[in-house]
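There are 2 protein chains.
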Amino acid sequence: MMNDMVKRELEKNRVWFEDHLNSLCSSRPENIPPRLWESMTYSLQAGGKRLRPILCVKAAESVGGEKEKVLPMALALEMVHTASLIHDDLPAMDNDSLRRGKPTNHMIYGDALAILAGDALLAWAFEYSLKGLMDRGVPPSSIVQALSIFAQAVGPSGICGGQVLDTDPASFTSSLSFVANIALQKTAVLLQASLVTGAILGGASQEIAGAFGKYGRHLGLAFQIVDDILDVTSSPEELGKTPGKDAAQQKITFVTQFGLEEARKMALKESKEAAESLFMLGSSAVFFQKLALSLSKRSR
Amino acid sequence: MMNDMVKRELEKNRVWFEDHLNSLCSSRPENIPPRLWESMTYSLQAGGKRLRPILCVKAAESVGGEKEKVLPMALALEMVHTASLIHDDLPAMDNDSLRRGKPTNHMIYGDALAILAGDALLAWAFEYSLKGLMDRGVPPSSIVQALSIFAQAVGPSGICGGQVLDTDPASFTSSLSFVANIALQKTAVLLQASLVTGAILGGASQEIAGAFGKYGRHLGLAFQIVDDILDVTSSPEELGKTPGKDAAQQKITFVTQFGLEEARKMALKESKEAAESLFMLGSSAVFFQKLALSLSKRSR
Chain A
1 MMNDMVKREL EKNRVWFEDH LNSLCSSRPE NIPPRLWESM TYSLQAGGKR LRPILCVKAA
61 ESVGGEKEKV LPMALALEMV HTASLIHDDL PAMDNDSLRR GKPTNHMIYG DALAILAGDA
121 LLAWAFEYSL KGLMDRGVPP SSIVQALSIF AQAVGPSGIC GGQVLDTDPA SFTSSLSFVA
181 NIALQKTAVL LQASLVTGAI LGGASQEIAG AFGKYGRHLG LAFQIVDDIL DVTSSPEELG
241 KTPGKDAAQQ KITFVTQFGL EEARKMALKE SKEAAESLFM LGSSAVFFQK LALSLSKRSR
Chain B
301 MMNDMVKREL EKNRVWFEDH LNSLCSSRPE NIPPRLWESM TYSLQAGGKR LRPILCVKAA
361 ESVGGEKEKV LPMALALEMV HTASLIHDDL PAMDNDSLRR GKPTNHMIYG DALAILAGDA
421 LLAWAFEYSL KGLMDRGVPP SSIVQALSIF AQAVGPSGIC GGQVLDTDPA SFTSSLSFVA
481 NIALQKTAVL LQASLVTGAI LGGASQEIAG AFGKYGRHLG LAFQIVDDIL DVTSSPEELG
541 KTPGKDAAQQ KITFVTQFGL EEARKMALKE SKEAAESLFM LGSSAVFFQK LALSLSKRSR
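So the sequence lines, in the order shown, correspond to chains A and B. Under our numbering, read the first sequence as residues 1 to 300, first letter to last. Under our numbering, read the second sequence as residues 301 to 600, first letter to last.
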């Protein structure tokens with residue numbers, strides 16, 4: 001069960017974020033082809049926990065920053081996350097037809113447009129955040145620092161690399177650290193970047209930004225371990241996507257490597273380490289600490 | 301025939317750029333999976349005119365900037381251009397097996413890795429240029445301005461949008477401006493961004509940067525018109541890729557819309573307008589002016 005305070009905070013921020021996202025999606029910029037826009041916004045508006053933008057905004061607030069000011073960064077994080085989901089679902093990759101209970105992008109728009117919508121969202125994330133942060137008067141040096149961390153999380157040593165490790169059989173190794181590397185690159189780096197960019201744009205010191213980085217790493221690992229567990233233990237209704245895909249695709253996961261019981265212990269251990277990473281924040285850390293402990297018990 | 305001075309300048313800068321590119325590609329950053337790196341660098345090192353990085357560097361030099369300082373931007377432009385070629389060649393898109401006389405990325409690495417290599421190059425362009433320009437002491441405000449223009453050229457209203465117009469039948473219209481819009485978004489915006497980012501990072505005034513933007517727009521249109529012409533008139537050996545694809549795929553091009561003779565006239569007209577756009581640069585503009593006139597006569 002998720003802690004009530006955490007649940008309330010997540011829901012409040014999800015609604016706030018989705019209001020802004022829906023307003024952004026409601027009017028197409030003139031130069032974007034209508035069909036491309038439709039495909040991009042279909043997936044952007046397909047729901048989800050909105051965890052990355054929420055972490056970004058909460059991190060900014062916890063160090064005294066303003067929510068509205070980091071909004072472009074929060075939107076960029078969700079754009080990139082959405083782009084990676086669209087591409088991961090393609091027939092050439094995970095070949096998934098269901099995501100968050102809805103048909104995946106390529107099922108509706110075809111492979112070509114799904115590829116281009118992913119590319120477009122990836123690039124738009126940079127375009128939108130650069131312009132949005134400038135317009136809000138964020139100092140250029142903070143913008144460059146935050147976007148540099150963001151880009152690193154997205155690129156070949158971040159989620160793109162993680163997806164290769166996850167889908168390319170020739171990259172598989174049997175090393176114990178391999179499954180952790182997948183989790184770090186596939187999931188943890190972007191959660192980490194959400195927190196660290198939020199902290200930096202909110203005005204955090206390097207030390208505090210670093211603590212958020214450590215928290216994000218443990219949170220991301222916990223999150224991915226639970227994801228691997230849920231793929232084995234959930235029904236499609238609970239999960240909102242097709243479970244059992246990891247096994248069907250012979251993926252290397254925390255469950256295949258360590259077994260269900262050990263994986264549960266590992267998730268709890270990472271959650272606890274996440275919670276401890278933010279002790280220097282004092283009472284501002286309570287939400288993040290409770291969140292880490294709740295996430296290890298989530299059911300979707 | 302290409303003007304000798306232009307030819308020499310292009311070749312000198314191509315060699316300089318490729319030296320840096322090859323040195324970058326020669327050592328894999330630790331966190332990038334080996335197979336992904338192989339796929340990314342295969343396409344990056346597959347040759348080509350390197351026109352975008354050369355335009356960027358020459359624009360910077362023409363306003364008194366240093367070549368070495370804008371190198372990260374030049375590399376980023378080539379990364380994004382390469383990413384777009386990898387995705388355009390995919391079976392779901394143009395389904396091309398030959399590019400610059402070599403097998404296309406997906407022919408060697410498969411569709412999944414080709415999709416991810418394109419994504420990775422797209423994100424790496426931002427990661428690499430942000431860090432590289434910071435390390436070289438470029439003022440953050442110039443970095444933000446240049447990357448903002450770059451991102452816009454890459455995103456949904458830039459080359460991603462152009463590719464949708466080019467490949468998605470549902471986006472086709474018969475309007476006369478449609479073929480020009482494809483050319484602008486597919487080709488001109490990135491050539492434009494190459495010139496404008498180079499000028500900005502080289503220290504140009506807004507007025508000069510604007511002149512480069514105008515030049516790039518005409519140059520890009522001329523370039524695309526000639527591309528459409530060559531697809532009809534060239535052999536595979538001359539072109540280094542498969543000709544006749546436009547007709548086979550029933551694409552709307554300058555040749556299908558206006559005929560070969562009229563298209564030739566249009567290319568020449570755009571080249572001339574390009575050359576005139578830079579009059580305020582005086583003798584620094586000579587290379588660019590001769591280049592524009594040469595490009596309208598290129599044979600590959």
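Read the hints as simulated data drawn from the structure, not as lab findings. Among the hints, erroneous ones may be present.
[Stated by the list, open to error] When the alpha-carbon atoms are kept at most 25 Å apart in a straight line, the in silico DSS-like pairs for lysine-lysine are as follows: (1) B:Lys565 to A:Lys131; (2) A:Lys265 to A:Lys7; (3) B:Lys569 to B:Lys590; (4) B:Lys312 to B:Lys367; (5) B:Lys431 to A:Lys131; (6) A:Lys272 to A:Lys245; (7) B:Lys569 to B:Lys307; (8) A:Lys69 to A:Lys272; (9) B:Lys514 to A:Lys131; (10) B:Lys565 to A:Lys214; (11) B:Lys369 to B:Lys307; (12) A:Lys290 to A:Lys49; (13) B:Lys551 to B:Lys307; (14) A:Lys245 to A:Lys7; (15) B:Lys431 to A:Lys69.
**Q.** Structure versus earlier hints - violations, ascending order
**A.** Numbers 1, 6, 8, 10, 13, 14, in rising order.
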